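**Q** Single-letter residue listing:
There are 2 protein chains.
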Amino acid sequence: MAATAAPAPQRVRVDPGKLEDFMTEAYVALGMPREDARVCAWGVVFADLRGHESHGVSNNVLGSYVPGLRSGDTKARPNIRILQETTVTSRWDGDQGMGFVVGHRVMQWVIERARQHGAAFAAVANSRHYGMAQCYSYMALEHDLIGYSLTNGVTPGVVPFQGRESRLGTNPISVAIPAGEMPPYLLDMATTTVAFGKIQNYQRDGKPIPPTFALGRDGRPTTDPNEALAAVRLLPLGANKEGSGHKGYGLGLMVDIFCGGLSGHGFRATPDDPEAVSHFFGAWRPDAFLPLDEFKSLMDGRLREMTQTAPSEGYDRVLYAGLPEWESEQDKRANGIPLHPSVVEKLRGLAGELGLDFDISR
Amino acid sequence: MAATAAPAPQRVRVDPGKLEDFMTEAYVALGMPREDARVCAWGVVFADLRGHESHGVSNNVLGSYVPGLRSGDTKARPNIRILQETTVTSRWDGDQGMGFVVGHRVMQWVIERARQHGAAFAAVANSRHYGMAQCYSYMALEHDLIGYSLTNGVTPGVVPFQGRESRLGTNPISVAIPAGEMPPYLLDMATTTVAFGKIQNYQRDGKPIPPTFALGRDGRPTTDPNEALAAVRLLPLGANKEGSGHKGYGLGLMVDIFCGGLSGHGFRATPDDPEAVSHFFGAWRPDAFLPLDEFKSLMDGRLREMTQTAPSEGYDRVLYAGLPEWESEQDKRANGIPLHPSVVEKLRGLAGELGLDFDISR
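One line per chain: the protein sequences are D and W, in this order. By the count of our numbering, the first sequence reaches residue 362 at its end, each step adding exactly one. By the count of our numbering, the second sequence reaches residue 724 at its end, each step adding exactly one.
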């Protein structure tokens, strides 16, 4: 995680388009069809553009995607198929494909059906880590749809409220809602106070964590980031009784049920497939409810009102979900994605191993 | 709010069935059709059964329902109608009817369509306070559906994350999911750390509130419950930067958009209708995704697992959303609803005013 931590001057700004092209070639070299490789490359580069490095190319190389494809644990050419469907609902088998590919395929079905019928939903089992939850809710926006994306996690790393043992994943919720002139509303939140990446930042900076982040191995709230990372017991959003931690826990369990329940997969990895996760996707067509221009006008008014309300002490403005990520994306599309030199070197190493050209410079 | 606060020995246990019958007669006397009166009576008594007195008969008498009907601000015989619809979506005008009646009517449409097509959704404008959000998600359970219920609030009483002025309501989310042998999952949460009732409890007990509950009139977190109640600036779930308050704010804004946006109503009361609120309802049919017995078996396993995992220090067990309310309901159906004597006297007074018999004894 040192890459995430580096001060800005050390970073190298690279070209987003070239980076996506390189990642596409890498995935093709790892056995994926070109079209699917492009989907995965888009997903990881989109994370870097949105400012979520934890889900960007550094994770892609250091993390599970490339090793999974190499080991065969993740199938480069899965047979993704529908197991049950109605006009507006479906259940899928992801066949251990890359989560990006599975999610993209299923969300395409959801979007098509929602465009036709006003709303549509799908649950999918036997998938893999699918990157940022917002990759799929975001897909709905270009069709003027509201997009919805949930996933459960591979390994339990979150305790229930009042519990001391991890029983849930970070189980994020993403909702994307189109606006007119304003950048869209795009919520993408783990149902915990924070994800592990934030604790790693405190560890790196040598700072204590607030007691609302995680429990230690003794089952009590800890302020030691090392202990929190060793214990793997994140607290749900709200954390404790005074923070209403039962609410974050309630949301996390809801995500679990929509993903693991409606997909038929269940709620934890099985011995014969320890990496399996399940997702749930949805879309609503606003103009199935009211004229689209009327909806977009309401959205613009509401979102603008939020950015114009008075900030509290210590803040210079009020934001809304998706606005900081949208601003990050504008900056990085114009000025390049700032990567830590060690990440660039790892990508160069991958290029060498796969026999690919490597040029991601601006 | 003294009624909520009384120690148990002072309470009078009353008969839930008789209480509901009395409330039905009261609403009929206030001009409502008997069928609609029954729906409202069920809603307020259900709140008392579930242990949410803030939404029970005491609020009904002391609060807005009866005065609203008397003033004519809430219509006893509204013309609730569909403004736009597709097979699985619709938008409604509540015509300033009682929120219970509007919500019940619209949720019935949602349930019928979801049973036919797998999922269905509706937004409704020009309604009134609809009691507990779970009244409507709960309706789905007897049809083996997942139920969904959102509402925005009449008056802004919640600040955006990083903001100092109230711009949102407490905007609750309720999700009800059927199980087999286990009591159903039933989430019903304001998207704030707490609602005002909780702060009133601290005020009554003369205790300081945690700084995660609300801001004072100076726009800073306050520990004084009197100041918090005077300022009307609740904090979103997560409260501050260390608690990830942007998440609760993000959820609150999502509720606002589904209710006020998709209903076309917009995001605040208008001068010509200062009491208007809007709602959003939904339902999914689990057996549109997978066989129902398979889903229920997964639910039972997951919910049971949660109740069996080890509690943390200071707690005797782990619960899940809806379980404590289900236990409350079992107790109160068997042993009566414990009302404060002052609430009983107020109901008796209402009976006198309306010329009704009054017997709610067990």
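A couple of the hints might just be wrong.
The list that follows gives simulated cross-link-like pairs (lysine to aspartate or glutamate, EDC-like), each with its CA atoms no further than 20 Å apart [to be verified]:
| hint | chain 1 | residue 1 | chain 2 | residue 2 |
| --- | --- | --- | --- | --- |
| 1 | D | 241 | W | 567 |
| 2 | W | 569 | D | 242 |
| 3 | D | 18 | D | 353 |
| 4 | D | 241 | W | 649 |
| 5 | W | 437 | W | 504 |
| 6 | W | 603 | D | 224 |
| 7 | W | 603 | D | 205 |
| 8 | D | 296 | W | 447 |
| 9 | W | 603 | W | 580 |
| 10 | D | 241 | W | 675 |
| 11 | W | 560 | D | 242 |
| 12 | W | 603 | D | 316 |
| 13 | D | 75 | D | 15 |
| 14 | W | 658 | D | 224 |
| 15 | D | 198 | W | 567 |
| 16 | W | 380 | W | 693 |
| 17 | W | 603 | D | 313 |
A few chain W positions that, by computed beta-carbon distances, are all more than 12 Å from chain D [unchecked claim]:
| hint | residue |
| --- | --- |
| 18 | 379 |
| 19 | 429 |
| 20 | 447 |
| 21 | 524 |
| 22 | 560 |
| 23 | 562 |
Calculated from the structure, these hints are not laboratory results. In this text, all values refer to a predicted model and were calculated from it rather than measured experimentally. The beta-carbon is built from N, C-alpha and C at its ideal position, and this holds for glycine as well.
**Q** For a C-alpha distance cap of 20 Å, please report whether residue 241 of chain D and residue 675 of chain W respect it.
**A** holds (12 Å)
**Q** Checking one constraint from the list: CA of residue 603 of chain W to CA of residue 316 of chain D, max 20 Å. Satisfied?
**A** Measuring from Cα to Cα gives roughly 14 Å; hence the hint holds.
**Q** Hinted pair, alpha-carbon criterion (20 Å max): residue 560 of chain W, residue 242 of chain D. Please report holds or violated.
**A** holds (11 Å)
**Q** Check whether the Cα positions of residue 296 of chain D and residue 447 of chain W lie no farther apart than 20 Å.
**A** holds (19 Å)
**Q** Straight-line Cα separation of residue 18 of chain D and residue 353 of chain D no greater than 20 Å?
**A** Satisfied, since the Cα-Cα distance of roughly 19 Å is no more than 20 Å.
**Q** Would you assess whether residue 447 of chain W, listed as outside the interface, keeps its beta-carbon beyond 12 Å of every beta-carbon in chain D?
**A** violated (8 Å)
**Q** Going by Cβ atoms, does residue 524 of chain W stay more than 12 Å from chain D at every point?
**A** Violated, because the least Cβ-Cβ distance between residue 524 of chain W and chain D comes to about 4 Å, which does not exceed 12 Å.
**Q** Between the alpha carbons of residue 603 of chain W and residue 580 of chain W, is the straight-line distance 20 Å or under?
**A** Cα-Cα ~19 Å, so holds.
**Q** Taken at face value, is the distance from the CA of residue 693 of chain W to the CA of residue 380 of chain W at most 20 Å?
**A** holds (16 Å)
**Q** Would you mind confirming whether the straight-line C-alpha gap from residue 75 of chain D to residue 15 of chain D stays at or under 20 Å?
**A** Violated. Residue 75 of chain D to residue 15 of chain D sits at ~29 Å, over the 20 Å cutoff.
**Q** Against the 20 Å threshold, does the CA-CA distance of residue 603 of chain W and residue 224 of chain D hold or violate the hint?
**A** Holds, at roughly 18 Å.
**Q** Sort out whether residue 567 of chain W lies within 20 Å of residue 198 of chain D, counting only the CA atoms.
**A** violated (37 Å)
Violated hints, listed in ascending order, are 4, 5, 13, 14, 15, 20, 21, 22; each of the other numbered hints is respected by the structure.
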